[in-house]
Each structure stands twice: as C-alpha cells, then as structure tokens.
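Asks: Sequence order for the protein chains is V and L. Taking the working numbering, I'd label the letters of the first sequence as residues 1 to 348. Taking the working numbering, I'd label the letters of the second sequence as residues 1 to 885.
No lab work stands behind these hints: they were computed from the structure. Fair warning: this is a prediction, and the values are worked out from it, not measured in the lab. One should not assume that every hint holds.
List of simulated lysine-lysine pairs, BS3-like, C-alpha gap at most 25 Å [to be verified]:
1) Lys88(L) <-> Lys107(L)
2) Lys862(L) <-> Lys71(V)
3) Lys66(V) <-> Lys862(L)
Label-pair restraints from in silico Cβ distances [as the list claims (entries may be wrong)]:
4) Gly296(L) <-> Thr166(V): 25 to 31 Å
5) Glu28(V) <-> Arg860(L): 35 to 41 Å
6) Ala721(L) <-> Thr166(V): 52 to 58 Å
7) Thr874(L) <-> Asp68(V): 29 to 35 Å
8) Glu293(L) <-> Cys273(V): 30 to 36 Å
9) Pro106(V) <-> Arg857(L): 34 to 40 Å
10) Met163(V) <-> Asp534(L): 49 to 55 Å
11) Val101(V) <-> Gly706(L): 37 to 43 Å
Cβ coordinates follow ideal geometry from the N, Cα and C atoms, glycine included.
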Amino acid sequence: MPPSLPPSLQSFEQQLAELRREAIPAIEQADGAEALEAARVKYLGRKSGWMAELSKALGTLPAAEKPDAGKRFNEAKAEIERRLEERTVAVAGSGAQGRVVDLTMPARHPWRGARHPVTLVLDEIESIFRELGFTIALGPEAESEWYNFGALNFPADHPAMDMHDTLYLDGGVVLRTHTSPVQIRTLQRYAPPIRVIIPGNVYRRDFFDPSHAPMFAQVEGLAVDEGISFVDLKATLTHFATRLFGKTRTRFRPSFFPFTEPSAEMDVECRLCGGKGCSACKGTGWMEILGSGMVHPAVLEAAGLDSERYTGWAFGMGPGRMANLVYGIPDIRLLYDSDVRFLEQFAR
Amino acid sequence: MNVSHAWLKDFVAHALTPDEIRDLLTSRVATVDAVEPLRADLAPFVVARVVECARHPDAEKLSVTRVDDGSGTLLDVVCGAPNVQAGKLYPFARVGTVMPGGLKIEKRKIRGAISNGMLCSARELGLGEDHHGILELTVDAAPGTPLLSVMPVGDTRIDVDISPNRPDLLSHLGIARELAAATGVALDPLGGRGPELTDEAAAALRAAAAEGPSAVAELLRGWEASGGVAQRVRAAAPAGPPPDGRRARAREATVDGVRVAIEDVAGCPRYLGAVIRGVKVGPSPAWLRERIEAVGGRSISNVVDVTNYMLHGFGQPMHAFDLTKLAGPSVIIRRARPGERLTTLDGVERTLTPSMTVIADAERAQALAGVMGGRASEVSDATTDIFLEVAAFSPKGVRGTRRALNLSTDASHRFERGTDVDSAEVWLMHAVHLLIEVAGGVQRTWHADAYPTPEDRKPLTLRADRVRRLLGEVVPAGDIAELLASVGFEVDVAAGTRMLHGQEELVVTAPTWRRDVVREVDLIEEVARLRGYDSFSSELRPFRPGRVPDAPGWAVARRVTDALVAAGLFEVRPMPFVAAGGDGAEPHVRVTNPLAEDEPYLRRDILETLAARAEYNLRQMQGNVRLFEVGTVFQPNSDRRPGSLPREEMRVGALLMGARRPPHFAGDAEPPSIDEWDAKGVAELAVAAVYPGECALRPPSGQDAGGRLWDIVKTADGGAAEIVGGVRRLALDAPVWAKPAFGIELRLWAVDSAPVAPPGSGVQLQTEVKRVGLADQTVRYRPIPTLPAAEIDLALIVPDRDRAGETLTAEIVEGVVRRASGELLERIVLFDEFRDEAKWPNARSLAWRLTFRHPERTLRDKEIDGRRDKVLKTLESELGVKPRI
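Using the sequences and the accompanying hints, generate a full structural model.
Replies: Written out as structure tokens, the structure reads:
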C-alpha cells in the first residue's frame, strides 16, 4: 500500500524497509514475465509506483536529513532494479515463459575434497586417545639401528629380527621398521607421566602385493608412569575398541615383541560374522586388531629411566589394515595408487 | 609349526577336540593359525545302503544294485566288488564326488547298465591297502550320513604360530607340556614310546619327569648301570657300564672306535654321538610313517624317519651318518676351511667359508653343522653301521650359515632359536632305543658326550609385590609357585617363600628348555599367561594426563590438511620411492637393498611422487586431478660419516589440473581449467594454515626460474628471507587432452633426527613447551564501521618497464597507490587487466577499486577527488603511470 508520509528520517527509513520486505519476495516468487511486469509497475512505476511515492516523501524531509535519506533511497531502488533484472533472466532461462523453475535440478557445488581413508582411521584413533590424556609425538623415518632395534631390546643377530625385514640406507642407517623408535626419543626427552600416540610411516622389505607393501602407516601408543599395570593396558585398549567399533567383546592372547613383556595381542569379535566364525576370521570368530604389552624394563633402562620406579604399556596397530576392514577395501594397493575414482569415495 | 592331534595324545591322554586345543593354546600359549583335518577330501562321501543287488546281465563279475543314499530316490549303481550284499551299508561316492586319487565320479554306462555313483573300497578312500571288496560299514547310521561323522578317520593338523622366543614349543612335547599344565592331565615325556617298564620303574620315571629332563637322564643312567631297564632296552643296550669319565668336561670323547672332537667350541657347545651297528635300513613301520606324514613330512627310511620323529616330537634335530663313509673313523666339529666344498643332501655343491661350522671326518667336511647333512655320508639302503649325532650348535653360528647359504631347514630353524642343550643326552638315548626298535642293530658301547663347559642354570628371584605392580592384581605367592611349576619351573621348595624387607620372594629356576627366561619380568609374563590374560580386570583406573606437548609437525599437518580438503583436493599416501636423481639433479638418498631395482631412491620432493600419481590418473583417463600429500622428503646429509642420518623434512605437496569447478547446467557446462591463479590461491591457503602472517609468494628472482611461478618466502622475525616452498608449472607425461598441471610444495617441519641422548640416558626436559592457545592469538577486533564508505575506480595505463628499464609489476604500482591514498584507504582490489597493443604498445591497462572510509564522519566528494588527484600525480611522477581516459 502506498504509504502515508510523516516527515522524519526515521519513519522514512522504516518505509524503505517495509518496501524491501514486501518487494523482494514478490519478485523472487514471480514465475513469469507478466508477474514480473506487474511487480515492476507496482514498485518502480513512474506515476504511482511505490518508489515514486517515496521519492515525493523524500522531498518533504528536512534539508539536513536529505543526503542520508537520499542515499538509502538510491540503494533500495538499485536493489529492486537488480533483482527484477536477475529474475527476468532466470525466468527467461528456465524455458517457456510463465513456467516455474524446476527445483529438483542439482545445486551448484565447488569440488569436494577428501582425506585419505588411512588418515580417517588415524584421526579417529587419535581423537579417542586424546580424550584419555594422550598427545601426539612424531619422529624421523630414517633411523639409527640403535633407536630402531638396540634400544628396543632386539637381540643382535636373532630370529626376532626376521620379523622386521629391513630396508637399509648408506652408512648403517635404516628406514624405521616400526614407529617404536619414537618411544625411546620421547622417553629420553620428557619425564613421566608420558601418554603419547605415535602415528607415522614405516618400512619393511616386503613385496608390493594385495596384502603387503614396503611402506605402510602404523600408529602406536605409549603410557609410562609410576603404578601403570597390565590392568591399565587391558582397560584402556578395551575402552578404545569399544569406542572404535561400538559394543564388542575383546580377547587378549599371549604374543611376543622384544620391547614388551608380558606381550599380548588384542582381538575383537569378527566384524563380518559377529563372532560366529566365517572365512574372513578363519572360523575363529575373532579379528586381530593390535599388538601390545607392558614396556620391557630393558627399554626403559635404555632410555635412561629407572625401571623399578616406572612401568608402562604400549600398543601398535596398522591403520591401513583397519581401513581395509572398515571400508571393505580388498587390495591395499588401492591405498597407494592415488586413483581419483578411489579417493573421491571418501569425500563427505 | 605343524602339530598332529593324534601325536599329542602320545604325550598327554587328553580328551580335547582340535578346536578346543586351538582355543586353549591361543589363549594361554601361542596362536593357532589353522586347524585342518588331514582327510578333508573324505567330506563328500556318505553312508549308503544297498537295497537290491542282482547279477549284471552281460558281465559275470559285475552286480547291478539299487542304492539308498538318503536322497529319497533309489539309485542304480553298478558294482564290481564280490562282497556287495543287499541290506548292508557301504561308503558311497555320489555323482560329482572327487576321489582321493583325483578321479571325478560321473554318471556312466557300464556294459549297458547305468551307474549313478560308486560304492568304495578302503583303498579307493585311501584308508588302507584292502581292495578285495568294498568297505562294509558296521555302524548304525542312516543312509546319507556323512562318512566322516560315523568313521572319524585321519588325523587333524594344528598349525601353531610359534614366536622366536619359544623354541621349546617347536615340538609335540613342548605343546603337550602346555596342554598338560592347562588340563591337569599327566605328561609322558617320552611320548608313549619309552621302554616298557615295571610299575615301579614307571612310577620313578613319572616322578623324574615331573622334575625335568635332567632328572630323567639321571634316572635312565642309573638304570643302565644297574641293569634294571625293561627287556627291550636291555637287548639293545651296550654291554657293560659306561666308561669312566664319559661325563668329563672334555672336548673329546670316543664311542665304539670313533673319535669325537670339538675344535670349534663356540660353534658347538655340546656334541653327543652313538654308534649302532648291524641296522637294516628299510621302510618305516606304519606308526612312524603316520607321524611323519601327519606333520607334512615324507617318510624316507626307518633310520631317517627316527631322526625326523625326534625333531618334530622333541624339538631335537639329529643326523645319522653312514659310519663306513667317515674317514678315521672320526668326527670333528671345526670351522670350514677357506674354499672347502661340500655337496649337501639336496644335491647342491656348496662352497664354504671359515665362518661356518662343519662336521668333518679325518679328511673333509661331511655336514653343515645344524643346517644339513652331506651327500657322501648319507644313510642309504646299503648302510649297516650308523653314527647318530645329537648336538647343540650355537644359534648365531647356525643363523650365519643359514643366511650365508640361504638354506633354511627344520633343523636350522630350531638351532637358531636355541635347543635344550641339557636334554640332548636323553633325546640321544631315546633315539637309540627307537632306532633299534625299528631298524634293529646293536649299540656296543656307551655314547660319547663332549660337553666342555656345561651351562649353569641361575636361579631368579621373583617378588610377589613386583608381580602385583606390573600386572595390577594380587597373585598370591602360592598360586605363582603352582603356575610356574606346572610348566617345569623349579620353585625352590626348601627356601620356600622368603620374606625379605617385608616382601615375599620366590626363588625360581627356569627349566633347561626355557633359555628365554633370564629376568624377573620373564617369570611375570609366565604368571600372567598361565593365569590367563582374560582373568585380569579391564576396568579403567585413574591416570595422570601426559605432559608431552603435541608434536609441532602434527598440528601443522592437520591444519593444512583441513585447508586443502576444504579447497577440494584429495589427500594421497603414496610410497616415497623414486627412480633416480637422474638428469644430473641434486643427489638423492639411496636404499642399499631396494625391492624394486628401478626405484632405489627416496624422493627429495613431494611433487616427484605426485607427478607420477597424476600421470597414473591420466592413464586411467582421469583429467581432473587435484591431489595433496603431507609426507616426508629426504636429502643426503652433508656429514658423510657412517651412521649419520639423512636430513628429513615434513612437507605438504599439492598438484592441480583439470576443470576449476564441476560443470553445472546453469551457465557452467564447461567450466574453465585450473590456471596459475587457482594454484596461487591454493598455495596461499596452505601458507595461511602453516605460516599465518609470516610468508609471501614472490616471483622467483634470477633467470633460471624453469617452471617456477612463485617462491614462498618466509620473512617474519626480521631475519633473512628464507624460501620455504614454491608454486610451479609441471611438465607431465600427459596425453594431448590433458589440461595444464600446477604444483605446490611447502615445508611444514624440519624433522629433528639427532639422537636425543646417548644410549642408556635421557635428558628428560620438563620445560613447558609452548602450546598455541588463545593467549597466542594475533587477531584483534576492529569496530564494525557505522559510516558510509566511498568507492572510486582507478583505470591506469601501466608501461611494462619503468623509466629505469625495470619490470613494472602490479605490486609496485599498488604499493604507490596505497602510500599516496593515505590512511583512510580501507581496501584496494585489482579487478581488471587488459591489453591493446595498438593503443598502448608495451603497456597494459590495470584497474583497481579503492574503498575509503573515515571512522568518524562521512567523506565529502571533494575529499575523494582530492585523493584521486594526489594518487594519479604520484603515479605519474614516480612511475610514469597515467590514467586511462
């Protein structure tokens, strides 16, 4: 409705606002050329349009208020003109005149990126442990034999070394075979309590096939303090499994790692058969998730700690294997190929 | 390690099914990888009843039968067996069944009569040699019942994954010992094949077995001397008592005219030999053959099978020499001579080195110690006299020989992990007993035993309180003692549990076969696993949060990953191996034992890898490739001393090519391709995530820019500018349809590889490392403007070079505009570039939009005009830049 015109800036601006509130939705909803023309006449018509009426009102304002009011007026007018123009283009572009826009048509998006599935698993693992007071430690991938083996209680020239077929660099340097050297570096550098998660790439002299790769991601955890026990290990890792997989049974069984004692591997109920036994779990109903154990006193001693005062536990696992399990990836080489048709499946 | 279910029963009269054994071993001892019925091939066979039976009209020896196989229809089956009778049950192979010999049963016509399957003989099923007729089943079972469920034939093989610290489990005895401890069933340490004993002797042997093998050996030795052994052993036992000094701590001994001498004591701490004369080499009896075949071996001869039986049964590798082939006759354990040659049992002639220990006669090497015997002294059908070796070889020595020759055997596998040196004598005596049983012959004198320095077993102290502290639960000292004793640990009963400093302590000696147990913690592990890991609580207890700060590289990596994913890139995690630092480029770190000879180097740049991954995608016809990686690069250390680590950096790399946006129906059907300005934008996003406010992108100086577009230069801290990354065009091996590719590389973190502290020490800094938190925020709030701004556009003609002949960049022009505009300039945006060589040769038009705002009042038109004039005047005078008219 054309306004009545009390002569003040404030009410003038209110009128402008009211105009916008009515005119803009009306223009956006106009579904054809006729409707748009009607709107144009109503709001911008030279003789009796709403803007024309307001223009008259502008002339009645006190002189001091005119510059500001004029500016607002021009802005409002420009916006209504612009929207009318855009809407006219849109209506024309939608095909025959008078047709409604087909709102089922797809949205306009920028490209969507994605984290690598291994990173998605790592992020999840890290965040679960961060809730439990862990921080993240990193270390070099090229390591001395002492950090990679000696400090971790690997007996020299022993079959235990055969579990770590090693890639060597010039000068007796190795590409780390596990993330555990970072345990030693952390224990040497910081005083307990230590609770760290150590993600990183590790290297083994394994041929590249559907289930092996010479480089793969590993993540391990280390907790060292006074009074840490096997019960803490079991409790924390059970909690972790439950957070990762939802309610699940876990099983701990004896194992061997030179740097932990006692050593234990943790299984969870097979994700595919729910524990009944299937080909994926070789009929056992269990799936191996991680290796763990109480930090061997020799490891604490190698890092200069008093193994009588401090105890600790550690675990390690392969997020690549976990990604394959969770996302149903049959061949780990897919994790390395970097094929965009694979990667885009992880966009969210 | 392959374990036979049936063989285990020789040691422990358990009533466990293979699956129960799997669960028990897995939860207490070692993981079982597989349980495999050896006669799985019999699974498809069923029990069938012959309902009618008549003579074949055209063949005298054949019968035509009607068979009920439980399927509901009677089948016509032709049978050639003389014993087929109506009403009886037989094993039946339905059409489609594959016979153990590989033959597939098909429906066929025999002399005009249709046959729908086959009634089977024992031999056809691989259950014996009987082929006189089909196998009559005397069971009460309905037709159609699977044969295996009424006739449990065949053994089950249990594959146990034995960790390298538990060589004692590489035998049926070792596995059985754990089963006995878990079930409480008595263990027969000689696996049911010991000498027949009187009840009294048997009781004594059981008692000795409970104490350990040394007690058994002592007992057997006593029996030999007193003649109190069972009949069978006495017949085979050497005449007379053992010579004095047989147990002397000597390197040399003699047995039945054969001199035994250890020259290489380090390589061979103990060597025992027995001579058996008059044996008859031939096939093994069925029980022995079954045992060997059950673990996947092949029966060779009675003599060889006994040695393999001892290896798989007791974990003791043995070797039998043909005594007549040993010159001297003597047996000398020494290092190989340089270039010495030996043809091993596998027929390969090998050249030896002095690092290898050999068993030699007076003239030459006859066997590789602990790895493999020699061809020349191999036991053959003609052999009558045998020298039987039982030895302990050094794990490191055997490992060295095995690796040098790349020759791994069941024997080397066990020696590398360590055999039970102190039980060796028992196993030799047992082997002699078995050998005489299966191959005849006599042992005329006692065996030789060269054992210069017997090992002492040191008792360990185990504190009950330490068990509690490490395991988190109280395990009473009595329980600890019982658990350890169940698997052969000797808990000093006389000492009892000592109270020392108010703490209970146990004195424990590990059994001879547990050389892995050397520290208190090793005993605690035994306690934990024997009690059962599942018996410990898994309730979260209070903890102190860690005091280690997050690694700076990790935090940065996360920020840049967030930024690049949001910008539409895919993260990749490829391998860092590359072909070469070819084309005379900078040196790369080399892997000395690479898997792929064509990629022996570690990359220096992330983009080396990303370019290869992009080319992979182009080969898959994928042209929209937007990849990034947060990863490590390597550079050779300038310090070339051995042991110096390469320099490592964590970097982010990104590669962009293809369409700028996905196509959209509304005016964007063919979006433009990504260009250098997109790359610059993504680079700036990465820079903002990693070096907020510290870095700028600069065109590279100098002529050798190559594909470089911008250097990322760190300028903060007033120090010297440092290049931390760059943006460049990439030249890919690309098909014609591929769009231009751009690469970005940026350093995130210089990895600190230096040793933190010398071995055995730490520095343990507790200093609070700075964490980036709210207190470090550099963002300050500025009031939101309430007054209107004024905008002007400046369209300028900018010559390509200034009056001094230097390149005139937009950045320089904009700098002058900013300075001349004064502090009321709020924003400046370059919005247009345009060239018209005809109008403006060697120049271009650039247009900026300037926004001015005064904090306290509305700017007047005159003021704006004044600023425009000032800016234009300054531009003209300083740079020769004029407005476009």
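Asks: Each of the hints needs a verdict: does it hold here or not?
Replies: Structure-based check of all given hints:
Restraint check for Lys88(L) and Lys107(L): satisfied, since their Cα atoms lie roughly 23 Å apart, inside the 25 Å limit. This hinted pair checks out: Lys862(L) and Lys71(V) have alpha carbons roughly 17 Å apart, not beyond 25 Å. Annotation: proposed proximity of Lys66(V) to Lys862(L) holds, straight-line Cα distance about 19 Å (limit 25 Å). For the hinted restraint 25 to 31 Å between Gly296(L) and Thr166(V), the CB-CB distance of approximately 30 Å keeps it satisfied.
A C-beta distance of roughly 37 Å is found between Glu28(V) and Arg860(L), which places it inside the suggested range of 35 to 41 Å. One distance hint, 52 to 58 Å for the beta-carbon pair Ala721(L) and Thr166(V), is violated here, with the actual separation near 41 Å. Checked against the hint of 29 to 35 Å, the C-beta distance between Thr874(L) and Asp68(V) comes to roughly 33 Å, which is consistent with it. Checked against the hint of 30 to 36 Å, the pair Glu293(L) and Cys273(V) passes, with Cβ atoms roughly 33 Å apart.
Separated by about 49 Å at the C-beta atoms, Pro106(V) and Arg857(L) break the suggested range of 34 to 40 Å. Between Met163(V) and Asp534(L) the C-beta distance comes to about 25 Å, which lies outside the given range of 49 to 55 Å. In this structure the hint that Val101(V) and Gly706(L) lie 37 to 43 Å apart at CB is violated, the actual value being about 50 Å.
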